[in-house]
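Chemist: Chains B, C and D: place on chain A using the hints.
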Amino acid sequence: MSPAVQKAIDAITGQFNRDRVLVAADREGGAYVMVEGVTLGAPFAQDDSWIGFHIPSTCPYADVYPHFVRPDLARLDGASLGEGISTGHAFPDQAALKTPGDMPARTAVQVSRRSNRKDTAGLETPLHKLLKVIQWLKTR
Amino acid sequence: MSPAVQKAIDAITGQFNRDRVLVAADREGGAYVMVEGVTLGAPFAQDDSWIGFHIPSTCPYADVYPHFVRPDLARLDGASLGEGISTGHAFPDQAALKTPGDMPARTAVQVSRRSNRKDTAGLETPLHKLLKVIQWLKTR
Amino acid sequence: MAQDAIDGPWSLTIPETLFETLQGHLFPGDGDEHGAVLVAGIHPLRSGCARLLARDLFLAEDGVDYVPGKRGYRMLRAEFVRRHILTCRDEQLVYLAIHNHGGSGSVAFSSDDLNSHERGYPALLDISRGNAVGALVFAHGAVAGDIWLPGGRRVALDRTEIIGRQRRVLRPAPRGSRAKGDPQYDRQTRMFGQAGQLILAGARVAIIGLGGVGSLVAEYLARLGVGAFVLIDPDRLDPTNIPRVVGSRRRDVWWGLSSPTAPAWVRRLALAHATRKVDIARRVITEANPSAHVDAIARNILEPSATADLLECDYIFLAADEMRARLLVNAIVHQYLIPGVQIGSKVSVDESGRLTDVFSVVRPLRPGINCLWCNQLINPGKLADEAKVDRERKGQRYVDDDEVIAPSVITLNGVGAAHACDDFLFFMTALVAPSGTLDFARYESRSRALSMSSPRVDPCCTECSSEVGCRLGHGATGPVLPTFAV
Amino acid sequence: MAQDAIDGPWSLTIPETLFETLQGHLFPGDGDEHGAVLVAGIHPLRSGCARLLARDLFLAEDGVDYVPGKRGYRMLRAEFVRRHILTCRDEQLVYLAIHNHGGSGSVAFSSDDLNSHERGYPALLDISRGNAVGALVFAHGAVAGDIWLPGGRRVALDRTEIIGRQRRVLRPAPRGSRAKGDPQYDRQTRMFGQAGQLILAGARVAIIGLGGVGSLVAEYLARLGVGAFVLIDPDRLDPTNIPRVVGSRRRDVWWGLSSPTAPAWVRRLALAHATRKVDIARRVITEANPSAHVDAIARNILEPSATADLLECDYIFLAADEMRARLLVNAIVHQYLIPGVQIGSKVSVDESGRLTDVFSVVRPLRPGINCLWCNQLINPGKLADEAKVDRERKGQRYVDDDEVIAPSVITLNGVGAAHACDDFLFFMTALVAPSGTLDFARYESRSRALSMSSPRVDPCCTECSSEVGCRLGHGATGPVLPTFAV
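Protein chains in written order, with the working numbering: chain A, 2 to 141; chain B, 2 to 141; chain C, 4 to 489; chain D, 4 to 489.
Note that these hints are calculated values from the structure, not bench results.
Cβ coordinates follow ideal geometry from the N, Cα and C atoms, glycine included.
Please note that the accuracy of each hint is not assured.
Across the chosen pairs, the derived CB separations fall in these ranges [what the hints assert, rightly or not]:
| hint | chain 1 | residue 1 | chain 2 | residue 2 | range |
| --- | --- | --- | --- | --- | --- |
| 1 | C | Val483 | B | Leu132 | 34 to 44 angstroms |
| 2 | D | Arg207 | C | Gly196 | 55 to 65 angstroms |
| 3 | D | Gly259 | C | Gly196 | 23 to 33 angstroms |
| 4 | C | Met455 | D | Gln379 | 25 to 35 angstroms |
| 5 | C | Asp93 | D | Thr359 | 27 to 37 angstroms |
| 6 | D | Ser438 | C | Gly196 | 49 to 59 angstroms |
With the rest of the complex left out, here is chain A (with noise of 0.2 angstroms):
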């Protein structure tokens, strides 16, 4: 993994629990990773999910996205889950892992939330995306 991407990954497992991130690196030195037991709550009907996403071996200058969180995400109020969330897809690909297995695949709901620009490098680190994708969801 290059020390970007390691950086980055510290800074996650330094937020939540170590034990609650889980790590599988891909084929050019970035790497997957999921965080369990991420508390959501109202506007939906699950208390908490986890939340898998991608971070580039060209972290940090990539964006981080999509995020993934659990495959029946669902509306208290029953309304469909809106704009920039879609259902049916699996995270992580396998083909993309160094080791396909490290992390094996969950089917999931993805979370569309693009970051178009970066004045500098490191002005939006993946644990502060992280953060605000979770923020984002909770005022859907």
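Modeler: Showing chains B, C and D alone in chain A's frame:
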């Protein structure tokens, strides 16, 4: 010979006497022309001279230059011939003639008067240029 | 003129400026019918096709020259017709009466129109003494034509080509779409469509000079899928050309035998057997596109047989330095309404040998507007020099003569060739922007700047004007071209 | 860092902007001596040569930081020295003390200078803990240097290369002229001299991406006489590349077997055996100049071994579309002070499929000033996309994703490649005009216009600034390059 070259020669034979004008075709549709017995006189020691020149196939677009005159040209005052007039040439180059021998070469003095710009074709015909060169010579 | 020997389709070529004047007159926004007379040269092609060449346009003034008709709605007044048919008789040109209909995309003569042709054109043909006459009818985006040939044959106009900033084709009615194209060209047809690819495949392009610039033009256009090439260059490759002529190899010059260290007679022999530049370009073209048709003509462009081949082309790339080539190509552009471009580069050095200017020029040539002669880009003195044999030229050297060999560099050639080919592509596929110009472009290498200059137009220019005896659109019956006489 | 393993000549590379600041400080017109400290990265080459990379310059204020010396004329005050040597220790950089002498064209340290080095530098080496230290002395048009390596070895600086609008080389003293060149290059040496030809022959150039743009760059530079090439592209030729990749032939793709009409498995097999793009470019180069040295690397540029080859080059042509390649090359330009250029073309189509913009871009890349990252020309979203496997990318498609294949046309590539190579030539031979710029150029095909834009500079950019932890001139001890991790 190209129609434009033929037309230029017709103008010259119209101005001078037909039997004073010798013509030999070049390999490309142009012509070498020699006019015998053109009046000179002061400032030159010679009363007259032949004048030879080449009308290119690209007449009337191409300039007609240089002109050639008798090889013994000399000033009455014994001064040098001056800028634009040089000795030790031959005219015409036999290799340029369509039929070598058509116009035997003569040793010659070269008179260099270049017309640099033409606004449109035909403003300065080979005849016009010849008259200008004769005029110029007389004002040396 | 043997106009009746032509058995292929007839087309009309019309300079954009002239077309726009006509459009403004026919469609001022009043929805009414208007009239005009177009005087055209004629250009029979070897294929049996004929091109009518719009030379001059005379707008009929409403109520004066264009009046209520005796049988139809409107008609050109007899005096107006007579004036122009006599000009056509005297100058051996084609008389074409013009009016417009409403609608857009397709157009046809009405039965009133056709009846009037049948009543009037046999008499006009008599007056014009062996020159065709006819009529054109315009709608928005469509043109139809009814051409009467001496001898009694009558042909419908296949299409009208407008050439200027770009090339557009108008027809009497839309054509059905053609077959699917070659998937090889997928990436570029995403820009200009299958239709654009077919235009390129149908184009016949001349390249004059297959040295540094021309070899690159050949390479680009062949890859692009241009269908037919006429390559004209009398020269064989020289070792000093290899750094600029793409596709050339050392064995083309018998490397070693042709080097300056070899004995002079061996060197001369090697160079006399070096590959011709046109054959190197042919090799490059065929490798890029085996189905391209190539005519490789190892002659001076001024030799009449080479010139004749040039007249069969749709676009001319002038990549030779000779002034005579400029003179001839410029004459053809105006007289035969064949668009083209002159490409060159220049490296200037001051007296102390220090570099001053370095630039590449791309000068679009278009009939009636972009003329090398009235922009004084053809030097009469150099024309005279070029007509001399080497020994003469050396013996007659002048003060302002530059006998030094001009520097030449592939990157400068690349700039000129690339822009010229890019301009060609956008011209042919009619993708030029509304802000596009036909200005002469000068790409400055040392400052990375581009300077554009608008060509001037001399209204009496022998080359680009339609004055009596001048070349514009005069075609086969116009002034003799400045070629070598045979 | 093993600085003592370097046994070839040492050079210093300095960005033009920094050099000009230094010149202004050293030569204000007072004829006096002035001082400064240059902090430099280091870049050991495989050849055993080492490049010092000017990263940051600290001007010594006269009378404050630069004061009358105890033994020599003037000296840097101890506090000033100490501040910068500690920075060099912490950031693993080379400390270089600078002063100037009078005269021009040649320069050498005085015995006072050398004595002071011998007294002071062993102690400085101790403080800097394994990083070289040294001194530079400047005159007009000349630089000499005395570099002290850990371990006790001491080397004289061979030359100083200034890179910016153009490349200039300063040495301690003028060198004698070299042997006569190859007469083959006569026409171009008339522009840039035998000296220019030798510069080209000595240059090692990288071309990243040997598709439409890169193949043309290879062709032009090989003809021009560039001596060594590093070609990097992982791809094999595809039939749809032939209209743009010069030198490619149908048999390179097993034409027929690879066409869409062939059975899918035959097609796959043919494409798996198609010629690699780097090998086609190698063929083109070798044909043009059999003595050129070519490294053909069929790998992704982000693979560390490919990146390592890139670091050995003098100039980088970035002709690949990937954002990751932009990110890496941009990092190398700034961190290793290797100049380059990014070339591309774009065809934009609106929702209705109508053509909007068509242009070619040529973006000179120069350390500290022309940065793709702070000009937002590297898209973080696309970087993320490029890190995914195909299936993932398709499954995760977004609203603003353009999965459509971009159009690509040889004439657009030609415009970009020709200007980039022309710019390279004038850079290398130092023939840029006083009015020359390093602006990003955009050649608009539809309007024939050129628009230039001045790159902005973010003073805290991680890529192009010399802030702590940022890349500028940091060389081998700087941030890790954005390559694949192994």
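Chemist: Evaluate each hint against the coordinates.
Modeler: Against the structure, the hints:
For Val483/C and Leu132/B, the hinted distance range of 34 to 44 angstroms is not satisfied, since their beta carbons lie about 26 angstroms from each other. Remark: the range hint 55 to 65 angstroms for Arg207/D to Gly196/C is contradicted by a beta-carbon distance near 42 angstroms. Judged by the Cβ atoms, the range 23 to 33 angstroms given for Gly259/D and Gly196/C holds: they are separated by roughly 26 angstroms. For the hinted restraint 25 to 35 angstroms between Met455/C and Gln379/D, the CB-CB distance of approximately 30 angstroms keeps it satisfied.
A C-beta distance of roughly 50 angstroms is found between Asp93/C and Thr359/D, which places it outside the suggested range of 27 to 37 angstroms. For the pair Ser438/D and Gly196/C, the beta carbons lie near 41 angstroms from each other, so the given range of 49 to 59 angstroms is not met.
Hint compliance for this structure: hints 1, 2, 5 and 6 are not met, and every other hint is.
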